[in-house]
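Residue numbers (my numbering), protein chains in the order written: chain A, 103 to 411; chain B, 103 to 411; chain C, 103 to 411; chain D, 103 to 411; chain E, 103 to 411; chain F, 103 to 411.
Treat the hints as calculated values from the structure; they're not laboratory data.
Check before you lean on any hint, since a few could be wrong.
Same chains, same label: a pair holds when it works inside one copy or across any pair of copies.
Listed next, the in silico DMTMM-like pairs over lysine to aspartate or glutamate satisfying Cα-Cα at most 20 angstroms (straight line) [as the list claims (entries may be wrong)]:
1. K279 to E375
2. K152 to D282
3. K279 to E235
4. K106 to E235
5. K279 to D170
6. K279 to D210
7. K106 to D218
8. K106 to D215
9. K106 to D210
10. K106 to E197
11. K279 to D218
12. K152 to D309
13. K106 to D242
14. K407 to E184
15. K106 to E123
16. K152 to D400
17. K152 to E235
18. K407 to E235
19. K106 to E317
20. K106 to E184
Note that the structure is a prediction, hence the values are computed from the model and not measured.
There are 6 protein chains.
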Amino acid sequence: MTTKASERVAYHNGRIVPEREVRVPFRDRGFKYGDAVFDTTRTFGHRIFKLEAHLDRLFRSLRYLRIDPGLSAAELRRITEEVVARNLPLLEPDEDYWVTQRVSRGLDPSDRDVFDQDGPTVIVECLPLPLRERASLYRDGLRVVVPSVRRAAPDVLSPRAKTNNYLNVIAGDLEVKALDPGAWAILLDARGNLAEGIGSNIFVVRDGRVATPREQLVLPGISRETVIELARETGIPAEERDLDLFDAYNADEAFLTSTSLCICPVRSINGVEVGGGRVPGPVTRRLTEAYCRLVDYDFVAQYLKRLPA
Amino acid sequence: MTTKASERVAYHNGRIVPEREVRVPFRDRGFKYGDAVFDTTRTFGHRIFKLEAHLDRLFRSLRYLRIDPGLSAAELRRITEEVVARNLPLLEPDEDYWVTQRVSRGLDPSDRDVFDQDGPTVIVECLPLPLRERASLYRDGLRVVVPSVRRAAPDVLSPRAKTNNYLNVIAGDLEVKALDPGAWAILLDARGNLAEGIGSNIFVVRDGRVATPREQLVLPGISRETVIELARETGIPAEERDLDLFDAYNADEAFLTSTSLCICPVRSINGVEVGGGRVPGPVTRRLTEAYCRLVDYDFVAQYLKRLPA
Amino acid sequence: MTTKASERVAYHNGRIVPEREVRVPFRDRGFKYGDAVFDTTRTFGHRIFKLEAHLDRLFRSLRYLRIDPGLSAAELRRITEEVVARNLPLLEPDEDYWVTQRVSRGLDPSDRDVFDQDGPTVIVECLPLPLRERASLYRDGLRVVVPSVRRAAPDVLSPRAKTNNYLNVIAGDLEVKALDPGAWAILLDARGNLAEGIGSNIFVVRDGRVATPREQLVLPGISRETVIELARETGIPAEERDLDLFDAYNADEAFLTSTSLCICPVRSINGVEVGGGRVPGPVTRRLTEAYCRLVDYDFVAQYLKRLPA
Amino acid sequence: MTTKASERVAYHNGRIVPEREVRVPFRDRGFKYGDAVFDTTRTFGHRIFKLEAHLDRLFRSLRYLRIDPGLSAAELRRITEEVVARNLPLLEPDEDYWVTQRVSRGLDPSDRDVFDQDGPTVIVECLPLPLRERASLYRDGLRVVVPSVRRAAPDVLSPRAKTNNYLNVIAGDLEVKALDPGAWAILLDARGNLAEGIGSNIFVVRDGRVATPREQLVLPGISRETVIELARETGIPAEERDLDLFDAYNADEAFLTSTSLCICPVRSINGVEVGGGRVPGPVTRRLTEAYCRLVDYDFVAQYLKRLPA
Amino acid sequence: MTTKASERVAYHNGRIVPEREVRVPFRDRGFKYGDAVFDTTRTFGHRIFKLEAHLDRLFRSLRYLRIDPGLSAAELRRITEEVVARNLPLLEPDEDYWVTQRVSRGLDPSDRDVFDQDGPTVIVECLPLPLRERASLYRDGLRVVVPSVRRAAPDVLSPRAKTNNYLNVIAGDLEVKALDPGAWAILLDARGNLAEGIGSNIFVVRDGRVATPREQLVLPGISRETVIELARETGIPAEERDLDLFDAYNADEAFLTSTSLCICPVRSINGVEVGGGRVPGPVTRRLTEAYCRLVDYDFVAQYLKRLPA
Amino acid sequence: MTTKASERVAYHNGRIVPEREVRVPFRDRGFKYGDAVFDTTRTFGHRIFKLEAHLDRLFRSLRYLRIDPGLSAAELRRITEEVVARNLPLLEPDEDYWVTQRVSRGLDPSDRDVFDQDGPTVIVECLPLPLRERASLYRDGLRVVVPSVRRAAPDVLSPRAKTNNYLNVIAGDLEVKALDPGAWAILLDARGNLAEGIGSNIFVVRDGRVATPREQLVLPGISRETVIELARETGIPAEERDLDLFDAYNADEAFLTSTSLCICPVRSINGVEVGGGRVPGPVTRRLTEAYCRLVDYDFVAQYLKRLPA
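Just chain A, same shape as in the assembly:
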């Protein structure tokens, strides 16, 4: 552990403590059942991105699962800001954080005495972005592979809730990584349309238009929403619609969005090179530039500067 990592702090049920001390009872329903939700934004140049929108989404996830966090959105906002502020001095100027709120339903009544905890488990924490590990993706583009596992449908568990139940997408990811450890999985939904991966949304570009799967069937990523807005502001038609492998293989360009990646170009889907394999394509590039302007930070340079010489 670097000294810096050892100094990181996190909020845990009312107190800000060293992150390494934040441990949850093994009988916490978040551990036993994944009965918990979370949300994650990032900083750009040490400024938190769209915290309000992320907290809104967190509260929608909570409401879907009928979990009472015991805190208002305003309180969670204040806590988040404080945790970030206390951890920022540990970063280099060109590093940034993932910033995450986690809320589990806590302990079952019969377990509360043993672990001396009542109510939900609330954690707010920071983690440095894996800039070095992902730097090459911006140079080479992502290899996307579609596994056989299908994304859960809304009447099983709504993909719109960002919960601690990730095994559906993890199972897809394990399939893909067993064949190509560097590839990223994007699952199809129950009707065979492109859905999403672990924390990432997919966009395809065709004839100058961008399209992404419908919100109901995937997590409505804040980066995804940001890109849709930027596209519209930039005069690029953007729509949510059913997309399948025919669209993927015939795309001029494709890219994933996620909190950490923002926008990252896709080089190939199931081995089919997208748009001739040159990344990023012109629309992706324009949206990336617009994204950088919006956040007033060149996140691509932030990644690329970490490429091995």
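Take the given structure of chain A and dock chains B, C, D, E and F to it, following the hints.
Okay, now just chains B, C, D, E and F, sitting in the frame of chain A:
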């Protein structure tokens, strides 16, 4: 916390420690994603029930999710037996334990230094059965209600793996408990057949035959399997097949099986009284008696003696 | 039977007769098979509402099932107006009628002689609205519960045809009423999206926008259509789209529409209070007011005045 | 109306009356919603066939829909026998009856006063079999056509309940009869397997084995069950399993079963001649003979003697 | 063979040869597996229609199946123009051609030596339109029938790729033609919505609006696209959306589009006369006229002049 | 081309000719639409294996698609035997042939003159087995990978018919081979169960029992059927049932069957080593030995002797 509870011990990554000290890093994938599996048996008169079968199932769950527990089944068996042995003195003679092994994939590589843990998280633990809370179920029968949420299909996440991703069944349970806090949820599968509840399997009896949903679409409960075997030994035809609400409403009897309940009669399904509402019915009674003989323990009496006078 | 009820008249195959004498042969296909369609509007202050639109829909239902009513829409309109006119004197000034046309395919050829009837069975009738029974819904809001039964898909039987085959929605309603006799059932469709209840459509409001399930998968209620038009006229964005329980639980407001209810606020869905449980919400209130203006009648007051003191 | 038909009697809510007087209030839920069930057996040489099995099935349908008939099975049996006995003298010696019990949920509470009826509507009635109309089917075989409409799945409405909601199968029948008025529709189920037609079950024969769709997805016809039993007694392997058009087109023989038809050979399915188009095939013939022996009546001769010279 | 047919030429793997000599090795994957794609346009007054758009679609089909044609779109365009030019003298002035490019993946490596062919099989060819055979369709309208077979979903094989795998639609067509040899099959998709037939798209008109199934689930016909554009230019609202039999039976008008038919009115769907059975309806007529203007050719007259006197 | 290959002959529409001269008109429906069927057996030590069973299956495929081959099974048998006899001298003693019958629907009526062919296209042909290319599979085991593409359901196109429409499985194979060129694709069916690959069936072994997907959803391979029979004769329980990835990952052994492979062990499925990765497992070995005994030929040795030194 009772003194006794404070004295319980559990196995945690190589050591047996007081249970109340067993806490997992909040970045454990078991907490962040429910990326973990578990299995639970119980004791009857302080003797562990079918530990081998439970460990077999645990290892099938592990294999499905490609988690390496770092321990053999034999080692886990030995550990389990030791944990139980050390905790048994805390029980009254007529109490019994749930006995659980839990294995998460552990920490992501980048988190290992901070929390000073490598490899999977392995926990083995005991918890007294909620005998008093459930005593009335054996007198009155269970009220089963079918929610609108559907059980995940095998190409989303196999119900046969006992994982820490319980939100699908929890979502169904929340629907049901909001209307009738004492009811038990049994979900339908993707094709509208009866599937299962939180840790419980359903059986219906008609014309002297017992039937239960097919194994592929539900957790293959050890109690469920035990009942099927007991039925066959007792000369009661037993089969796995697709069952739906028509079967439920026209059943002569119905019962749930689970580790703690073993067999517990169902009084009503969606408010329709099963077999006139007398519980238990004759087949349920015979199977219950056979179960008691098999485990050499009268678990029904164990529950019923705790009924309030 | 009140004297008034005993005086009500109805149209039956060419004649206007006392309603209590309108009986159909038990071999009428409408009775044997539900092989019939109907449509229902209401009066507001004794004026029939959108009779034309209801007759259009009736004829679409007839055409879907290839039933020839033997009467033109104009003829049915005239008959309806006459039946209403003859029954209106039986109402108090602040009462109103449901007004219904019913057309069954009639008798199978082999049964026609016995019952001395050829051709379809056509009935036009009035029934006083259950104002007293439903008055509290406008004060307290509806409790909506989603049963496990799924609404039939269009390739089974189009939900757009208002037919005499109601068992699919009745089965859902029985599930719900067994748990909460005062609750209203709203079924999901085959893909897990919110569909409809017995004669009622659902709307959710979020961020000032109203949304309701797509027409293809539900009965296109005239009240539903009226609300969509009123919303657009009032500057409230309104759309038809797939909605699921995530939308329901995260709605700011929700309401049902139906011929008798017009617009009635929803207090809770599966026990989750909508928008904090205050009814009606501001958008619902605006639409209700617009509805009252459109029909030039305060139907909410009509209900509420019947609340027990 | 023939004099004889005018003399038929039926049971209606407690009284045996001339059939032509049995009419139900148009507000009976059986008429408004098809909210009713029925069951039909036939006589063979004036003897009622398997009345007990039919009443059992009727009571399962009732229970599925939570309708209380207000009569025991024994009472309905006695009533049925009396109605048949009173009507038999109206038949020629070589004619036979359909014998039907019908139970609707009756009137909604608000309608009971007007029509002076409380409780369910119960009717028991006889109708001469259409021997002449169907005679040629035994000589020529049935032309079966599969429409595009799919049979409702159990989570929409169980096909096992014999209800008054027939529009799903009627819609399929209308498709087929529009192209070939003499053809019989057999619908596929939601997964594309052969299901059933209006009151008829389908069997295919291949390599000396008979197979029919699984009971859960179709009405468990008493004739169907009788044929399965006869097959087994005759040494012909019989099974319930998923069957599709590949099975249909490659069948050596096929036949339908229904109350009136008992067993009737199929000449073609979607225009593909079954087994070269010779009807009946040898297995169908053996089962037909066994059926005649069981009922001690040659129903094939009964039909064929009515063929036009 | 007419002299003229014997003189037709076609392009085959680099050479233009007499059409009758164009034969492919029986081990060509196009023959063994249908592992090939094609695209077809037509001439109007001897001018090729929208060749560019057809080649675009051909290349999308190729890309979907990862077949490299070994030729650029520009080269295929030049070849197509030459083949047409060389064949046009064989036509009467009022005749026209279908113009087709075909590309198969060619031979498996082990078969290349035997047949002395490497790389894909590329064929470009012309065929006179069946004007006489289809002339009556413009006078009488098409009879459309919906078979039981369902159109393949995108996760089975994208209907958007125009491949040599036609058995799914052929199976539907065989069902329909067995009942009515002159009828045209339109299949439903996996969710029960209207999809497409063999090379034809369907449109329905209601209240002056035209609608056609969504592109993702059917071949995006160039004629279909042309009609949508013409409708919009003509001020007729046009949309892609889910359509089912309820829409079909309640349409004011309906028509099919295809390369050869352009627009051809539908008289009936499953025997239900569309819009009273008068063809063409006014919207169809306007679109037909607009189509003729666009292609500067009266294709309806071209068909109708061939009606038998 | 080797001299030997140049000497191979094949049957083509009535004549036996050099194989290299067997070419089909590009307008043959087998080429344009894959409107054709085929069947393939192999020789063992120059003896044809189960030709009768293969011809039976061919005729079932023909019947499903309503193609009349114009030849009886007996005639095709005689032709096949002659073609094989004439080609056998071209083989080394330890080589063997694939033996294939192909029947397309032939030319559309309008194309018959040009190509001077009427009726179906019938081809019977031999091809040496790729013994060298596949030798290592018996030493190393197959790597099976499950693509995202789903196998067509019976109501789209029955997998039981062996048709020339292979794009569904080819699309799956392309996905898999793009990631691992040496891997074999096994597709899931529409409900997420293991189905089949290109001409291969899958078996899993668990606790000494073998299981394979149900016949209705896959091609009923003759090798598959042979293995089921051999298993039963050898005392190994064998069953057809729904199998999914949970079964695959927890199998003790797995193997594929196909005409050329007979039985070939699977080393891994989606990268998960089966049974610890040792191939073949004991049950596979026993079945392989039984297979060799049945065909009186050591096909494993035949493959393995071609391994590079």
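Evaluation of the provided hints:
When the C-alpha separation of K279 and E375 is checked against a cutoff of 20 angstroms, the pair qualifies both within a copy, at 19 angstroms, and between copies, at 14 angstroms. Taking the closest pair of Cα atoms, K152 and D282 never come within 20 angstroms of each other, the shortest separation being 34 angstroms inside a single copy and 40 angstroms across copies. When the C-alpha separation of K279 and E235 is checked against a cutoff of 20 angstroms, the pair qualifies only within one copy, where the shortest distance is 16 angstroms, while the shortest distance between copies is 27 angstroms. Taking CA atoms no more than 20 angstroms apart as the test, K106 paired with E235 passes inside one copy only; the shortest distance there is 19 angstroms, against 49 angstroms between copies.
In the homo-oligomer, the alpha carbons of K279 and D170 lie at most 20 angstroms apart only across protomers (16 angstroms), although the nearest pairing inside one protomer, at 36 angstroms, exceeds that limit. Taking the shortest alpha-carbon separations for K279 and D210, only the inter-copy value of 15 angstroms comes in at or below 20 angstroms, while the best intra-copy value is 36 angstroms. Taking identical chains as interchangeable, the C-alpha atoms of K106 and D218 lie at most 20 angstroms apart only when they sit on different chains, with a minimum of 15 angstroms there against 31 angstroms within one chain. Proximity of K106 to D215 under the C-alpha cut-off of 20 angstroms is restricted to the inter-copy arrangement: shortest distance 11 angstroms between copies versus 35 angstroms within a copy.
In this homomeric assembly, K106 and D210 come within 20 angstroms of each other (Cα to Cα) only across copies, at 18 angstroms, whereas the closest approach inside a single copy is 36 angstroms. Proximity of K106 to E197 under the C-alpha cut-off of 20 angstroms is restricted to the intra-copy arrangement: shortest distance 13 angstroms within a copy versus 49 angstroms between copies. In this assembly of identical chains, the alpha carbons of K279 and D218 never lie at most 20 angstroms apart, being 41 angstroms within a copy and 26 angstroms across copies at closest. In the homo-oligomer, the alpha carbons of K152 and D309 lie at most 20 angstroms apart only across protomers (18 angstroms), although the nearest pairing inside one protomer, at 31 angstroms, exceeds that limit.
In this assembly of identical chains, the alpha carbons of K106 and D242 never lie at most 20 angstroms apart, being 31 angstroms within a copy and 49 angstroms across copies at closest. Within a single copy, K407 and E184 get their C-alpha atoms no closer than 29 angstroms, and across copies no closer than 54 angstroms, so neither meets the 20 angstroms cut-off. In this assembly of identical chains, the alpha carbons of K106 and E123 lie at most 20 angstroms apart only when taken from the same copy (15 angstroms versus 27 angstroms across copies). In this assembly of identical chains, K152 and D400 lie within 20 angstroms of each other by CA distance solely inside one copy; the values are 17 angstroms within and 45 angstroms between copies.
Neither within a single protomer nor between protomers do K152 and E235 lie at most 20 angstroms apart by alpha-carbon distance, with minima of 25 angstroms and 46 angstroms respectively. For the homomeric pair K407 and E235, the shortest alpha-carbon distance inside one copy (12 angstroms) is at most 20 angstroms, but the shortest distance between copies (47 angstroms) is not. In the homo-oligomer, the alpha carbons of K106 and E317 never lie at most 20 angstroms apart, since the shortest distance is 39 angstroms inside one protomer and 50 angstroms across protomers. With identical chains, the CA atoms of K106 and E184 are at most 20 angstroms apart within one copy only, with a shortest distance of 18 angstroms there and 40 angstroms across copies.
Hints 2, 11, 13, 14, 17, 19, counting from the list given before, are not met by this structure.
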